[in-house]
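J.: Below, each chain spelled out in residue letters.
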Amino acid sequence: EAGVAQSPRYKIIEKRQSVAFWCNPISGHATLYWYQQILGQGPKLLIQFQNNGVVDDSQLPKDRFSAERLKGVDSTLKIQPAKLEDSAVYLCASSLVRWNTEAFFGQGTRLTVV
Amino acid sequence: TQLLEQSPQFLSIQEGENLTVYCNSSSVFSSLQWYRQEPGEGPVLLVTVVTGGEVKKLKRLTFQFGDARKDSSLHITAAQTGDTGLYLCAGVNYGGSQGNLIFGKGTKLSVKP
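Protein chains in written order, with this note's numbering: chain R, 1 to 114; chain D, 1 to 113.
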């Protein structure tokens, strides 16, 4: 079974630029999460989708971050404009259904904002 | 906002030693999960504990869920260098419309040969 795929693996941008991350969850998984993991800390939930609907985006900085999950499969997370404090690893995870929260994670995208 | 506090934040031990990592919260969780994360990789699920007082064993790892479902511990017996990594606890709430997964900050374990 293929795992959660994320791209790119690494990205370096200047502050105020835009960046987008892509995630392809495990086939058939209805729930998709985006997490932000700052170095030395645990993952912080940014947004959770159930199929193509948003379940929880309470910690998403909506003035600069946006996410979508078209057709309930792939998802993209965008930052516009980026700030220095956005430097982190962005992890995508998926689970079969919302109430079975064994989450499978991708390798993440390491973002460096300079 | 529900918070999970993990302790210690860092732990460096010799191979063969035993250790315990703690995960505490003031909130009640429906279940609690433990993940292990290696550098450059995403977290990988080790175990899910659901019932208050539950104890689960995974080879040399023993996981316990507190009676009140607010805290958990991970005990490793005779640690090996392969146990090195970041150990994360994550609380799950099935209530309301969420069912989301909230992580602690993690315990970074280093096992030296």
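Bear in mind the hints are in silico, worked out from the structure with no lab data behind them. The structure displayed is predicted, hence computed values, not measured ones. Idealized CB from N, CA, C, for every residue including glycine. Heads up, some of the hints might be wrong.
[What the hints assert, rightly or not] Here are the simulated BS3-like cross-link-like pairs (lysine-lysine), alpha carbons at most 30 Å apart as the crow flies: (1) R:Lys-71 to R:Lys-44; (2) R:Lys-78 to R:Lys-15; (3) D:Lys-105 to R:Lys-78; (4) D:Lys-105 to R:Lys-11; (5) D:Lys-56 to R:Lys-15; (6) R:Lys-78 to D:Lys-56; (7) R:Lys-44 to R:Lys-78; (8) D:Lys-70 to D:Lys-108; (9) R:Lys-44 to D:Lys-70; (10) D:Lys-108 to D:Lys-56; (11) R:Lys-62 to D:Lys-56.
[What the hints assert, rightly or not] Some chain D residues well away from chain R (every beta-carbon gap over 10 Å; in silico): (12) Gln-6; (13) Ser-12; (14) Asn-18; (15) Ser-27; (16) Lys-59; (17) Thr-62; (18) Lys-108.
J.: Look at each hint and say if it fits the structure.
T.: Quick rundown of the hints versus the structure:
no. : hint                  : result
1   : R:Lys-71 to R:Lys-44  : 25 Å, holds
2   : R:Lys-78 to R:Lys-15  : 14 Å, holds
3   : D:Lys-105 to R:Lys-78 : 24 Å, holds
4   : D:Lys-105 to R:Lys-11 : 24 Å, holds
5   : D:Lys-56 to R:Lys-15  : 46 Å, violated
6   : R:Lys-78 to D:Lys-56  : 40 Å, violated
7   : R:Lys-44 to R:Lys-78  : 16 Å, holds
8   : D:Lys-70 to D:Lys-108 : 22 Å, holds
9   : R:Lys-44 to D:Lys-70  : 19 Å, holds
10  : D:Lys-108 to D:Lys-56 : 22 Å, holds
11  : R:Lys-62 to D:Lys-56  : 40 Å, violated
12  : Gln-6                 : 8 Å, violated
13  : Ser-12                : 15 Å, holds
14  : Asn-18                : 24 Å, holds
15  : Ser-27                : 15 Å, holds
16  : Lys-59                : 19 Å, holds
17  : Thr-62                : 20 Å, holds
18  : Lys-108               : 8 Å, violated
Going down the numbered hints, you'll see the structure goes against 5, 6, 11, 12 and 18, while the others check out.
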